[in-house]
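I would like the entire structure built from these sequences, with the hints used as guidance.
Protein chains in written order, with the numbering used here: chain A, 1 to 113; chain B, 1001 to 1116.
Just so you know, the hints here were simulated from the structure itself, not pulled from any lab data.
Here the structure is a predicted model, which means the values were calculated and not measured.
Mixed in with the good hints there might be a few duds.
Derived Cβ-Cβ restraints for the label pairs, each shown as a range [claimed, not checked]:
1. A/9 to B/1052: 34 to 42 Å
2. A/18 to B/1070: 43 to 51 Å
3. A/46 to B/1039: 20 to 28 Å
By construction, the Cβ of each residue, glycine as well, lies at the ideal position given by its N, Cα and C atoms.
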Amino acid sequence: GDSVIQMQGQVTLSENDFLFINCTYSTTGYPTLFWYVQYSGEGPQLLLQVTTANNKGSSRGFEATYDKGTTSFHLQKTSVQEIDSAVYYCAMREPNSGTYQRFGTGTKLQVVP
Amino acid sequence: NAGVIQTPRHKVTGKGQEATLWCEPISGHSAVFWYRQTIVQGLEFLTYFRNQAPIDDSGMPKERFSAQMPNQSHSTLKIQSTQPQDSAVYLCASSLGHWGGSETLYFGSGTRLTVL
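Written out as structure tokens, the structure reads:
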């Protein structure tokens, strides 16, 4: 069935480290893919979105490439800062008939100074 | 723009009691979504309204859960006979409603429900 998989439950980095958060998806066809970020005490907010396969989305220094070959949408950032500490959710909207966004289980990023 | 407003922020109920959660979407948004958030499951879709009409409730538990949208300015999620496993953060989101699930979702801060 359709699914969004985030294997990393928690990631701890030091400031200026490279960030890589894994996300893979399973569905038929080419979904729309999203990354949301949730700061403590708030609801998730959109970080970036990519509709077209093989395109790259970027925002606030974060990047994710829609790789239809590996059905992945990994999130990357070259140099993380303490303010990036949050929970990151990968999500997809299934093609054709999808009425809602299906979310992964989230990856909690903690950046230590 | 105040964003999506959810009330109450926290609700504590005893097992078997009823809980009603409220959501006010962003003015002008015609789509409203409800999600349940837990550490284990992440965000789980519950139900979706567009122009106040229920469109997809495939994520709603068939027993005890119900949702309504009586007017364009608010939606409610009601849980009857609450159980400890219902403890979670319930998130409401709205979107413009033009492109269904492909649009940016704007989430409220959620209602944390604790069932004792």
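Okay, the hints, checked on the actual structure:
1. A/9 to B/1052: 34 to 42 Å: holds (38 Å)
2. A/18 to B/1070: 43 to 51 Å: 49 Å Cβ-Cβ, so the 43 to 51 Å window holds.
3. A/46 to B/1039: 20 to 28 Å: holds (22 Å)
Consistency note: the structure conflicts with none of the earlier hints.
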